[in-house]
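Chemist: Full structure from sequences and hints, please.
Number of protein chains: 2
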Amino acid sequence: MSMTELTQVRAAVEARFEASVALLRELVQVPSVLGDEEGAQVVVERRLRELGFAVRSVEPDAARLAEIPASGIPLLPYAGRRCLIGELPGAGEGVIALNGHVDVVSPEPVELWSTPPYGAVERDGRLYGRGAVDMKGGIAAMLLAIEAARSLGPLPATVVYQSVIEEEITGNGAIAAQLAGPRADVALIAEPSGGNVTLAGVGVITARITLTGESGHALSSDLRRNPIDEAYHVIGALRELERELNASPDATFADVEHPYLLNVGALHSGDWPSTSPGKAELDVRLGFPVGLAPAEAQARLAATVRAASPNARVEFRGQRAEGYAFDAGTPFVRLLRSCHEELHGVPAIVDTARATTDLRFFRDTFPTAGAACYGPTGARLHGADEYVELASIKDVATVMALVLRRWRPEVGE
Amino acid sequence: MSMTELTQVRAAVEARFEASVALLRELVQVPSVLGDEEGAQVVVERRLRELGFAVRSVEPDAARLAEIPASGIPLLPYAGRRCLIGELPGAGEGVIALNGHVDVVSPEPVELWSTPPYGAVERDGRLYGRGAVDMKGGIAAMLLAIEAARSLGPLPATVVYQSVIEEEITGNGAIAAQLAGPRADVALIAEPSGGNVTLAGVGVITARITLTGESGHALSSDLRRNPIDEAYHVIGALRELERELNASPDATFADVEHPYLLNVGALHSGDWPSTSPGKAELDVRLGFPVGLAPAEAQARLAATVRAASPNARVEFRGQRAEGYAFDAGTPFVRLLRSCHEELHGVPAIVDTARATTDLRFFRDTFPTAGAACYGPTGARLHGADEYVELASIKDVATVMALVLRRWRPEVGE
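Protein chains in written order, with UniProt numbering: chain A, 1 to 413; chain B, 1 to 413.
In short, the hints are calculated from the structure, not lab data. Treat the hints with care, as some may be off.
Note that the list lumps identical chains together, so a pair holds whenever it fits in one copy or between two copies.
[Said to hold, decoys possible] Capping the alpha-carbon separation at 20 Å, the derived lysine to any residue pairs in SDA-like fashion look like this:
| hint | residue 1 | residue 2 |
| --- | --- | --- |
| 1 | Lys279 | Arg406 |
| 2 | Lys279 | Ala266 |
| 3 | Lys279 | His268 |
| 4 | Lys279 | Leu343 |
| 5 | Lys279 | Glu111 |
| 6 | Lys279 | Ser220 |
| 7 | Lys279 | Asp364 |
| 8 | Lys279 | Val110 |
| 9 | Lys279 | Val43 |
| 10 | Lys279 | Phe316 |
| 11 | Lys279 | Pro74 |
| 12 | Lys279 | Thr115 |
| 13 | Lys279 | Asn311 |
| 14 | Lys279 | Glu108 |
| 15 | Lys279 | Ser106 |
| 16 | Lys279 | Ser151 |
| 17 | Lys279 | Phe17 |
| 18 | Lys279 | Pro116 |
| 19 | Lys279 | Asp229 |
| 20 | Lys279 | Ala237 |
| 21 | Lys279 | Asp61 |
| 22 | Lys279 | Ser309 |
Computed from a prediction, not measured in an experiment: that's the story for all the values here.
Modeler: Given below as structure tokens:
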């Protein structure tokens, strides 16, 4: 029966694949960067309704989020920026959440791209564009999985589809969706995992560090400290902190090379060649071990910065993400792995990521009986010429459809 | 007679000083940054006409400027951005040019200021604001000098007042004014010299250096070169070039400590904490010896950058200024020094600046029989809380008025 079901699911996915790619193209063509996510939500909402979901909208509530320690620190207000909660009742007990973020990061510098970043150009089985694999390809895969699974008969469990914002910066969209909607028993996120089952992510904090100097004429630039130099000094100190963190990895990341990465994301200073700037703004992201509290990571970062540059101002904004590791042996993850093996004939690779995802909220903030990232293959996420392998969307959708057709809560879940 | 004339000039300056400060306040309140100079020109034009000048307007001609090796490399087109040439015929032969630039540099970051940068706040004999001393205080001093000198009778030589743009970035306004107006026999610029007679300036070039990297997700930031790091690498190499230049100073700057300064004016890169940026734009300004051709300085800068970072793009824009040194012994400069000594009772200090000014064009591009910077006292030019000492405007105006009343071309000039 299982072979039969796989064959049926494959056919159902195949039949809907072209429409799914069209949806993906439409999604990629919407530049849904931070603060401008609504255009993508409109596309997802339309599709959810077509699939028979009851859809509710929820704007994240900054005041309520601020009371949740796992929340991120918003850069923008939330008015007019909704998340969607789609609900498709199942025949029996249990709630399986599929979660996808519609926000994408900036495509700048666009001159590095070979195709327009929002062009959704298809070439040699790949679709190129900002968000193609992170994670609009995953959204297309999840919606395709739902449609294919549903086409073969009622699903055993209720499917909750969470279309969220701000995965890339705070995770607050995912929290808001979980707060407002039915709580998930298990969860899948089709973040780009290359078809692996990704169960762990490092802790991540982001910070803006402001170095203030004395602005003045180039003719006396040797008499004062340039905040750009000060920024480099701070970067050097943070690299030392990065080395310290990597010297003592947590158990989950013990075998991963250099798991906790400092990223210097932005540095902006000055506006005139013959003026020494008065200020430099440095945006950094620091990975850190599972088990280290974000507040502790923030304290270490702040202490490092202040030791290097006593007058530096450290502002934590954006990510305040605890590292996480889900169990590969829960019934839900075992089901996912077995469905993967059923399609591919080889075991799923269970791995970790040197990044964070919204999956973390399904561990402690809203505990589940199992959760995983499982998504398409692609490359250059956050970079120029980001793409998704279209065939991998088909594979992910097939495996997910099998999961949707089969998952039922265990007794006691 | 000289004492009498000094007494008369002092009285004439004193009588008009309050109005002069009002004019300065009005000028400082106009944010005449690059591209937005017209508001200040309107103020200067009105005053020139009140003083009896015939005033012409001239827009710099980029094509014609490009043929002049001493010109700078424009960042903006010149349409709607005029220079003024005021002419006040003298009783006899000779043309003395007074030159003042109305452009100011950006006041950012404005939060470093104690008073609004365009507030022109007066406190304890100082007037604060962007451009207060660089060089709207000098403009006020020159216009006051003209009015005071003229009030005591016709002037022997024709006074040409050049109100120019882009001193801060190309010098092209000064070239355009000289091209369009009567050629000066001698010239004064009331750049902030602290009451000294400043006769020399270093060579200055400015450049934008673009470092291109591979943008991508923070989770793989260890796999690629961050262009911010590349920028620091380039800065380090340029500091080495700076050291080399300072190891072999020209004769004019032999006794000046560290005459040729590298200034890192701006660095802009990235827009997302968890993305490695794809590009960094670095704006630098390099001082270099008198006698070194700007093209040679550019070649050395470019070679240094390329040796450090082979894929870096170097774009020369803005300053392409040859170093210059005027003779302290010309009759005109001796006259200026003697008028200074007559007022102050001590000899004028003849000095040099580790910067450039439009004075350089009065040496080779439009040769004169003598030229000097001689202007008010102040501090923090290009910085926060820039100010001019109001009393110094009075002193400079008094000395300049004496010069205007006395200068006649030597035979053969």
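Chemist: Name the hints, by number, that the structure is in violation of.
Modeler: 1, 4, 7, 9, 11, 16, 17, 21
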